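K.L.:
Chain by chain, the residues run as shown.
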Amino acid sequence: MKLTLHVWRQKTHDAKGRFVTYSISDASPDMSFLELLDVLNEELTRKGEEPIAFESDCREGICGSCGVMINGKAHGPEKGTATCQLHMRKFRDGDTIRVEPWRSKAFPVIKDLVVDRTPFDKIVQAGGFISVNTGSAPEANLIPVPRPIAEKSMDAAECIGCGACVAQCPNGAAQLFTAAKVSHLALLPQGQPERYRRVQRMVDEMESYFGSCTNVQECEAACPKGISIEFIARMNRDYLKGSFSG
Amino acid sequence: MILDPKIPSGPVEKKWDRHRFEMKLVNPANKRRFDVIVVGSGLAGGSAAASLAELGYHVQCFCYQDSARRAHSIAAQGGINAAKNYQNDGDSIWRLFYDTVKGGDFRSREANVHRLAQVSVNIIDQCVAQGVPFAREYGGMLDNRSFGGAQVSRTFYARGQTGQQLMLGTYQALSRQVAAGQVQMVPRTEMLDLVVIDGRARGIVTRDMVTGEIRSWSADAVVLATGGYSNVFFLSTNAKGCNATAIWRAHRRGALFANPCFTQIHPTCIPQHGDYQSKLTLMSESLRNDGRIWVPVEAGDPRIATEIPESERDYYLERRYPAFGNLVPRDIASRAAKSECDEGKGVGHEARGVYLDFADAIERLGKPAIEQKYGNLFEMYERITGENPYEVPMRIYPAPHYTMGGLWVDYNLMSTVEGLYVIGEANFSDHGANRLGASALMQGLADGYFVLPYTIGDYLARHMGEGPTPTDHAGFQAVEQEISDRVQRLLSSNGKRTVDSLHRELGHICWEKCGMSRNASDLEEAIGQIQALREEYWDSVTVPGSGEELNQSLERAGRVADYFELAELMCRDALNRKESCGTHFREEYQTPEGEALRDDEHYDYVAAWEFGGAGGEPVLHKETLQFEDVPLTQRSYK
Chain A
1 MKLTLHVWRQ KTHDAKGRFV TYSISDASPD MSFLELLDVL NEELTRKGEE PIAFESDCRE
61 GICGSCGVMI NGKAHGPEKG TATCQLHMRK FRDGDTIRVE PWRSKAFPVI KDLVVDRTPF
121 DKIVQAGGFI SVNTGSAPEA NLIPVPRPIA EKSMDAAECI GCGACVAQCP NGAAQLFTAA
181 KVSHLALLPQ GQPERYRRVQ RMVDEMESYF GSCTNVQECE AACPKGISIE FIARMNRDYL
241 KGSFSG
Chain B
1 MILDPKIPSG PVEKKWDRHR FEMKLVNPAN KRRFDVIVVG SGLAGGSAAA SLAELGYHVQ
61 CFCYQDSARR AHSIAAQGGI NAAKNYQNDG DSIWRLFYDT VKGGDFRSRE ANVHRLAQVS
121 VNIIDQCVAQ GVPFAREYGG MLDNRSFGGA QVSRTFYARG QTGQQLMLGT YQALSRQVAA
181 GQVQMVPRTE MLDLVVIDGR ARGIVTRDMV TGEIRSWSAD AVVLATGGYS NVFFLSTNAK
241 GCNATAIWRA HRRGALFANP CFTQIHPTCI PQHGDYQSKL TLMSESLRND GRIWVPVEAG
301 DPRIATEIPE SERDYYLERR YPAFGNLVPR DIASRAAKSE CDEGKGVGHE ARGVYLDFAD
361 AIERLGKPAI EQKYGNLFEM YERITGENPY EVPMRIYPAP HYTMGGLWVD YNLMSTVEGL
421 YVIGEANFSD HGANRLGASA LMQGLADGYF VLPYTIGDYL ARHMGEGPTP TDHAGFQAVE
481 QEISDRVQRL LSSNGKRTVD SLHRELGHIC WEKCGMSRNA SDLEEAIGQI QALREEYWDS
541 VTVPGSGEEL NQSLERAGRV ADYFELAELM CRDALNRKES CGTHFREEYQ TPEGEALRDD
601 EHYDYVAAWE FGGAGGEPVL HKETLQFEDV PLTQRSYK
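These protein sequences, in sequence, are chains A and B. Position 198 of the first sequence, counting from 1, maps to 198 under this note's numbering, and the rest follow consecutively. Position 142 of the second sequence, counting from 1, maps to 142 under this note's numbering, and the rest follow consecutively.
The set of hints was computed from the structure by calculation and includes no laboratory data. Quick caveat: nothing in here was measured; it's all calculated off a predicted structure. Keep in mind that the hints are not guaranteed to be accurate.
What the hints assert, rightly or not - Under the rule of at most 20 Å between Cα atoms (straight-line distance), these lysine to any residue pairs were calculated in the SDA-like manner:
1) A:90 to B:211
2) A:122 to B:187
3) A:16 to B:31
4) A:152 to B:376
5) A:152 to B:159
6) B:373 to A:90
7) A:90 to B:31
8) B:496 to B:545
9) B:31 to A:133
What the hints assert, rightly or not - Over the 10 Å line for every Cβ pair with chain B, so calculated as not near, a few chain A residues:
10) 8
11) 19
12) 20
13) 124
14) 131
15) 188
To be verified - Examples of chain A residues toward chain B, derived with CB under 10 Å:
16) 3
17) 77
18) 191
Think of the CB as a built atom: it goes at the ideal place given N, C-alpha and C, for glycine as much as any other residue.
Given these sequences and hints, build the entire structure.
P.N.:
Next comes the structure, spelled out in structure tokens:
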């Protein structure tokens with residue numbers, strides 16, 4: 001495959017960035033998108049140029065490290081697929097592809113396609129846990145969890161924290177991420193004691209970094225794990241309830 | 001040096017209880033006086049950091065990823081074992097202990113394995129309390145499945161992503177302690193060396209991966225939880241960033257490296273499809289429950305799978321191992337696939353693959369049942385290969401997956417450097433020569449939640465009032481200087497070759513000569529080739545960019561330099577072990593039927609290697625293993 005890539009290059013957080021064009025003459029349709037960048041980077045390195053910095057780790061779509069905007073779409077054209085699992089057979093010979101870092105003020109660029117997603121950690125630190133010390137847990141089967149509830153909680157827990165929801169949102173909102181974290185625990189019996197305190201704290205923390213949700217629903221479409229916006233409704237309900245009960 | 005494993009006396013089932021009583025305690029008010037460094041934030045590191053912080057210690061936790069939640073424990077699919085016996089099928093702590101020792105082909109330490117089986121039940125309790133959404137039955141109770149050929153159902157799971165869910169549990173516990181100010185989380189930072197002063201681990205030297213700053217961190221004890229070294233093969237199921245630098249630098253500073261040749265090759269991975277391949281993807285082993293593995297009878301058969309009639313297919317596992325069939329342990333399944341491909345019967349890219357066929361299962365159970373069980377795996381397969389496994393058989397091939405070898409530790413998980421603890425995959429202790437499925441998650445969490453928090457107290461209590469060494473101590477300064485020089489040396493190398501191209505070449509040598517089967521002449525040749533390539537490395541590599549910025553080439557260059565040394569030790573260990581056991585298959589030592597031939601008389605020991613200086617020969621130390629409770633037997637899966 002012959003491809004033309006326009007890739008965002010930015011040396012540091014403070015430096016001015018720009019698109020640089022690269023031509024690729026022999027991509028294989030069986031390559032993953034990141035392998036395409038690997039091959040390009042090998043070529044750049046051999047020529048003595050600096051390779052493109054981008055993030056990836058497991059390359060199995062589960063660690064959430066990778067993620068770039070591909071032709072304006074977070075993680076690219078294939079639904080339910082993280083960048084590392086996107087393969088070149090989803091493109092056509094001769095295509096031009098624009099590659100950018102996540103678009104969000106809350107995720108500042110560190111270099112090229114690498115951004116800082118620390119605010120996600122901050123949201124979890126604000127309350128995204130169940131306060132149980134090691135050793136103090138009761139026997140596991142003393143806490144029965146109805147299967148549909150466990151499954152629903154698991155649906156939310158599938159979030160890989162990649163940031164695609166924020167990157168795709170025109171408001172740069174993190175509602176889907178936060179709602180997934182909140183709902184995963186709020187659905188389970190173990191999560192009840194801290195349910196309302198948790199949602200208050202997490203939402204407040206979220207709002208100090210991210211934009212507001214206006215129900216555009218782009219987040220759900222971009223999510224590589226297909227997390228449903230239904231969880232945002234759940235989160236909002238709990239937040240409201242929590243603010244009445246104080 | 002005399003290796004003392006410090007195994008407590010008494011019957012195996014009483015050892016841990018007795019030891020817990022005999023260990024010194026640190027008074028609750030004094031715990032805040034101690035600083036502990038934890039390197040790595042996966043299941044082992046994250047659980048240790050959180051648990052130590054809950055106890056009151058001050059913890060600094062480091063990870064190379066941008067967030068603690070991304071550690072590679074996240075990729076584990078299958079599940080986690082625990083001897084709960086919820087299925088009433090005859091499981092017990094003793095049975096899990098027995099299975100693990102036997103599965104490890106009698107090259108692990110009985111006392112450690114028994115403790116692992118004991119605390120396995122606490123792990124499940126802990127994880128459920130944290131909100132890990134394990135699979136449930138309709139009555140609300142926890143569901144289990146049989147995994148990796150086990151005869152009982154003791155595996156707990158959360159869809160196909162048990163690792164990620166357990167990981168989120170530890171990450172949440174860790175986040176709680178970060179918020180409480182008990183843990184200082186230091187992401188995007190890699191440990192480049194260990195600082196040892198007067199024989200004790202006093203701290204580490206790191207590089208900030210964003211600014212390039214090299215700095216020292218001091219503490220009363222150092223815990224390494226940095227995972228395994230499968231990436232020595234370049235292509236493996238590990239994450240791209242997984243590396244052995246922390247354990248290797250510790251090894252160079254005095255920690256013995258045990259059984260480096262015990263590397264597990266996982267049988268069900270998606271085969272390589274091109275020279276640009278960056279990693280290999282594992283497909284859960286649970287697929288072998290319903291899939292049938294076969295190759296064409298005729299070598300080089302050009303037909304596509306669906307055109308090959310039943311009579312011209314060889315279901316070689318079912319033929320060779322009628323009792324276990326497609327469910328034989330990992331090492332056996334992997335070797336069998338290799339030997340079929342070596343005979344030219346392989347399929348797909350470069351004939352390095354075998355079929356995993358679901359046609360029978362779909363006919364027997366119906367497509368919806370298969371979809372419900374394996375839907376997400378089938379989807380993943382199709383996404384990567386572009387082939388629909390409901391219609392054509394999957395192609396699979398073994399890939400490096402897990403390393404049983406690692407830094408030697410005693411019963412307390414302390415290495416041969418005082419004050420340096422090693423937990424999770426980074427140590428060697430529990431899996432012997434072969435790890436059973438769903439046991440890695442169990443060991444990582446056992447070490448971090450329920451073993452280290454006790455044993456580290458015993459060490460710290462003995463050093464009450466001493467305090468950490470200041471980082472302006474000459475010992476820290478010297479190591480910092482060494483690291484800065486090394487970084488500069490890599491950056492100033494004016495070679496022509498990329499780091500990856502050299503790493504690929506190293507990986508190829510290891511895979512061909514120290515992979516699924518090994519022999520003396522190959523290993524000797526490999527050692528020579530690795531040495532030659534290592535010599536060349538420092539002159540031929542090119543590392544663009546500077547040291548004062550995010551520089552991914554530089555990060556990789558340092559890691560690969562360490563892999564060169566580790567690879568050589570791995571081959572030396574494989575050469576030394578003149579027997580076949582578990583994953584270590586020496587062609588010279590096999591039964592007439594081609595099965596592994598163990599030599600308990602001469603090799604029933606842990607091979608713990610001491611660093612022999614740059615370019616020097618490593619020195620072998622032996623910890624003799626004793627099997628008092630699980631009698632030595634030959635594994636048979638026929």
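K.L.:
For every hint, state whether the structure bears it out.
P.N.:
So, going through the hints one by one against the coordinates:
1. Proposed proximity of residue 90 of chain A and residue 211 of chain B is contradicted: the alpha carbons are some 37 Å apart, above 20 Å.
2. Between the alpha carbons of residue 122 of chain A and residue 187 of chain B the distance comes to roughly 13 Å, so the proposed pair stays at or under 20 Å and holds.
3. This hinted pair does not check out: residue 16 of chain A and residue 31 of chain B have alpha carbons roughly 48 Å apart, beyond 20 Å.
4. Of the supplied pair hints, the one linking residue 152 of chain A and residue 376 of chain B holds, its CA atoms being roughly 17 Å apart against a limit of 20 Å.
5. Using a Cα cut-off of 20 Å, the hinted pair residue 152 of chain A and residue 159 of chain B holds, with the two alpha carbons roughly 12 Å apart.
6. In summary, the hint linking residue 373 of chain B to residue 90 of chain A is not supported, as the alpha carbons are separated by about 27 Å, beyond the 20 Å threshold.
7. Of the supplied pair hints, the one linking residue 90 of chain A and residue 31 of chain B is violated, its CA atoms being roughly 56 Å apart against a limit of 20 Å.
8. Taking the CA atoms of residue 496 of chain B and residue 545 of chain B, the gap is near 14 Å; set against the 20 Å cutoff, the hint holds.
9. Taken as a hint, the residue 31 of chain B and residue 133 of chain A pair is honoured in the structure, with Cα atoms around 16 Å apart against an allowance of 20 Å.
10. The claim that residue 8 of chain A lies off the interface holds: its Cβ sits roughly 15 Å from the closest Cβ of chain B, which is beyond the 10 Å cut-off.
11. Listed as outside the interface, residue 19 of chain A is consistent with that label: its C-beta sits roughly 19 Å from the nearest C-beta of chain B, beyond the 10 Å cut-off.
12. No Cβ of chain B comes within 10 Å of the Cβ of residue 20 of chain A; the nearest lies about 15 Å off, and the non-interface call holds.
13. In this structure residue 124 of chain A is not separated from chain B by more than 10 Å, as the shortest Cβ-Cβ distance comes to only about 5 Å.
14. The Cβ of residue 131 of chain A does not lie farther than 10 Å from every Cβ of chain B; its closest approach is about 6 Å, which violates its non-interface assignment.
15. A cut-off of 10 Å between C-beta atoms contradicts the statement that residue 188 of chain A is not in contact with chain B; the least separation is 5 Å.
16. Interface restraint check for residue 3 of chain A: the shortest CB-CB distance to chain B comes to about 14 Å, outside 10 Å, so the restraint is violated.
17. Against a cut-off of 10 Å between C-beta atoms, the interface hint on residue 77 of chain A is violated, since the closest Cβ of chain B lies about 13 Å away.
18. Below 10 Å, beta-carbon pairs count as interface contacts, and residue 191 of chain A has one with chain B at about 6 Å; its hint therefore holds.
Hint compliance for this structure: hints 1, 3, 6, 7, 13, 14, 15, 16, 17 are not met, and every other hint is.
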